[in-house]
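Peer 1: Take a look at the letters that make up each chain.
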Amino acid sequence: MAAHRCNIFMLVFVLCGLTYVFVRADIEDTNHVKDAESVAVDIAPKANIGASLRSTKTEDQTQAAEEERQWEATEVKEADRVPDTMQTPDVPPLTPAKDQFQEELVIRPLHSGDIYASFQFRTMWDTDFLRGSKVSHYRLFPKSLGQVISKFSVRELHISFTQGYWRTMQWGQPFLPSPPGAELWVWFQDTVTDVDGAWKELTNVLSGIFCASLNFIDSTNTVQPSASFKPLGLGNVTDQRFLRYAVLPREIVCTENLTPWKKLLPCGSKAGLAVLMKSEKLFHSSFHSQALHFRPVCQDWKCKSTVWELRQTLNVVFDLHTSGQGKREWSLFKMFSRTVTEACPLASSSKVYVDVTDNPQGELFELSPTTPLLSQAVVLGDRRTYSVYDLTNQATFGQTRSLNMLLRWRAAESGDMLRPLLHGERYVAGYGLQTGEIHTLMYNNHPYRAFPVLLLDTVPWYLRLYIHTLTVTSKGRDNKPSYIHYQPSKDRLRPHLLEMLVQLPPNSVTEVTMQFERALLKWTEYTPDPNHGFYVGSSVISALVPSVVAMDTNSTRECPLFSSFFPCKEESSYFMRVYTEPLLVNLPTPDFSMPYNVICLTCTVVAVGYGSLYNLLTRTFQVEEPSPGLAKRLANIIRRLRGVPLL
Amino acid sequence: KHWSPHGPSPCPDELRLMAAPLTLLLIVAVTIRAVLFRSSLAELIPERVEVVSPLNAWKRGSGIIMMSSYLFQTPLIIYFFHFVIDYAEIVFMMADALTAVALYLAVKDYNKTVFRKQKYALEAERYPLDCLELIRTPKEMYYIPLKVAMFYLLNPFTILSCVAKSTCGLNNAVIALFILCTVKGSSLMSAIFLALATYQSIYPLTLFAPALLYLLQRLYIPVNWQRSSFWLFTTQYTFMYLGSLCVMVCLSFFLLSSWDFLSSVYGFILSVPDLTPNIGLFWYFFAEMFEHFRLFFICVFQINVFFYTIPLSIKLKEHPIFLIFMQIAIISIFKSYPTVGDIALYMAFLPAWNHLYRFLRNIFLVSVVLLACSALFPVLWHLWIYAGSANSNFYYAITLLFNVAQILLVSDYFYAYLRREHHLTHGLYLKRKDGSEATLVLK
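Sequence order for the protein chains is A and B.
Just so we're aligned: 196 in UniProt numbering is position 196 of the first sequence, and the numbers increase by one with no gaps anywhere.
Just so we're aligned: 324 in UniProt numbering is position 324 of the second sequence, and the numbers increase by one with no gaps anywhere.
Next up, chain A with everything else stripped away, as it sits in the complex (with noise of 0.2 Å):
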């Protein structure tokens, strides 16, 4: 009976769910970060007025829009071609969920020819895991990361696992940026007393959840960056004892990460675009990286009370050559080797994405099948249209019953990309197993407009830094950081943390070099394949990066001439990280095969040491005096065996 009731207690919330789903289509929601400033494109004033600005206003505007900013200032365009699509009536949702999750997968067809997916879940939660009183009833949201964030008591936590780097040159800016390897971060409630054994349990918690190898984080890898990784959610603790940062670089991503992080979504794999999400072709790929960040978040846009955030992403590049046989023509099923039938049931929104931007006439590709609708979001600095596909929608799947977006070019070469503004590279210099040097480069791409970026590096202490000779250099002249912060390294105990805010000069690249020596380690501290080398984390790269935007002065589009004279139009700048490649760095080993050898060798001299001065500390100098012969000698011990007097 309860379960009667139950499902129709689900049938009524799935109902109201597609309504306020369907309402929500026709006033396109829009989710706005900071209705404060950003200014938004007039361009289809009927949907304007009805938008629905949700605005969440964030502590750390800068950072926390980071993410949420691609969905900035989206503005829908009904196309004129199918004038009738979902005139629902504007009726507001019965009640407010205490819960709720959208899935969306947006696909954007890049440069190089290889083709860009990612996907983002978005579970919000108004519950409150920190107060005493235990969250026992989970719907939505995983049970298992739940209880672990209540008993940790974590404030915001980000997770990723990658395989394989981003190529910015060619691919462009990530939607959501991460190193290859595995990336912890977390921020620990201000309540927490002792940090580091929260952080130690937390990891091998995770560890356990994700399947991978976070417990191999401990002090040696763990830092605290004093100004790279502030909170991106609310909350205006800012204290870096509370943050803890971790990069695994040799961590290697496949199937058995996936899996356990598919059961957190509310639908699992079964329906939804994570039916999509099969793992022989996601690691297929040049590129894979799943991620989970979870924040609080404002619910409302007056910000009286916030709701829990969890968002799990995962972004694949899929290789013209490898997976597409170099033929410029990708459909989800070539993708996949799935196709999308439903929405996830639980969702309040599910949409699939084509960034169609380079493609306003269709003449670079051809898009089957056709969506009505289009969507613009400024995505890191950029103005993108979107075509959307609304999977809560029937029409969307047709005929078939399921959709199958193809992408079919026409011309053989796409246009120009657009040089992402900052990007940048690291590599060892020098010979030997002795020393080196670390060299990173970072480019400074807009014509005329300086930036500050931190810097952020962690080594490991088997790397020594010779931190002295720290040089930074842009355009042949010196470029003196303005703020430094670096934490020496122990040995076996914790990593070197250098921090510092550079200025790049416009059109610019600038190198930080630092030398270094390479120590011999014990031989148990090797890894099992000593000679491939040891990971060098990526450095992180975090900055304000002026909008290509306003950057974007002979602008073709049609606009009123009044909002155009000053240039930093919809956003000044935005917020963005880079990445650069970890490193790979050779140390001098011992013979494996030589402890007992050694330990012979060494412990010989030394005995050679002690008994020749023994042997002078202990003897005197006596004269030699014959010894008798042997006849002689065996004489005497019978002659003392019967007691006679010896010769």
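I should point out that these hints are in silico values taken from the structure, not numbers from a laboratory.
Treat each hint with caution, since some may be false.
[What the hints assert, rightly or not] Partial chain A-side listing against chain B, Cβ under 10 Å, derived:
#, residue
1, 171
2, 590
3, 608
Think of the CB as a built atom: it goes at the ideal place given N, C-alpha and C, for glycine as much as any other residue.
Chain A is already provided as a structure; the job is to place chain B on it using the hints.
Peer 2: Chain B in isolation, oriented as in the chain A frame:
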């Protein structure tokens, strides 16, 4: 007894005569160093693991910002270099010169004492008659102080160490000053310098025994447990030593306002966490050590350095300066982070034991091995680290051989010293009971 009774007397003329070559020597030494500082080698030498260790490397010690991780230098040294960081080259050259002058004066004074003792013994007819050829003449002793200074200043090891700006040169200067003060009989200064040397690198602690023995000998206080004067002086000297050590440690504490330096300097010396290759025995041994035996072997190896102090002091209680030589040599062989600068200090004493030459058994072999090893160090290092055609075992083998050679050298000198003393009491040409020529053996 036909030998000239006037020893190396402190006649002002002679002093002036001796001062000229010493000055010349100092000028030559400083010139060599200054040239090397200006040459391209000044970049290369501080990279050599034989010359610098994590404890005394200039690069680590003198970063722009003094960081606690590389604070293997003691706080006082760092404080000192805050003032003279711009004149570092001059400071290191002056340290070498100071060491040489201190050794020169110390050996000169010591020779005088030796000569006086020998004179009294001769006058008391304590030496057997056939030992006359063992008696040291003023002529052969005349140039010994100069030779000592020369051995120190012109030793390639010292030069390398100075050009690398290894603080080992400063430690050597402190030890040389300690020897000078001890020989001159200034117990307070001797205690202060000994405390400074101990403060710098723990191991000179073992020099406490020879210094005490020498000072007692100088004051004609016999080493006798029943004598109150012996105890009085021992307590006095111990207090001076511990007091000054205490002052230095407290000063460091006030400089840094934390006790971290104790673990980062002395913990670093004793627990050997840094396994960077050097010419010593520790690095490869502890790189290859099984984890559960590590503590045991660290204890064994560290005790080994201090272990010889008491037996040597008993055996050589009449010859404290030779004891100092032995101790310095043992320290430089068995310490945890030895460099060639440490070796240079005890090698400077070798001319002072010229008279033992006839009793040395394998000096030729040892010198050849030492020379060959010194040449092979950079070669095998290059093969291992840069060319990749050899592995760590090659370099390790050379360190082993080098240390065996050093041990043989030291034990050979010890043997020769003991043998000479034996001959001085028992006669040079010993006969067996049956009258044939006897050979001496250790029994």
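Peer 1: With reference to the structure, classify each hint as holding or not holding.
Peer 2: Comparing the hints with the structure gives:
For the restraint placing residue 171 of chain A at the interface with chain B, the shortest Cβ-Cβ distance is roughly 36 Å, beyond the 10 Å limit, so the hint is violated. With a least beta-carbon distance of about 5 Å to chain B, the hint placing residue 590 of chain A at the interface is held under the 10 Å criterion. The beta carbon of residue 608 of chain A comes within 6 Å of a beta carbon in chain B, closer than 10 Å, and the hint placing it at the interface holds.
Hint 1 from the earlier list is the only one contradicted by this structure; the remaining hints agree with it.
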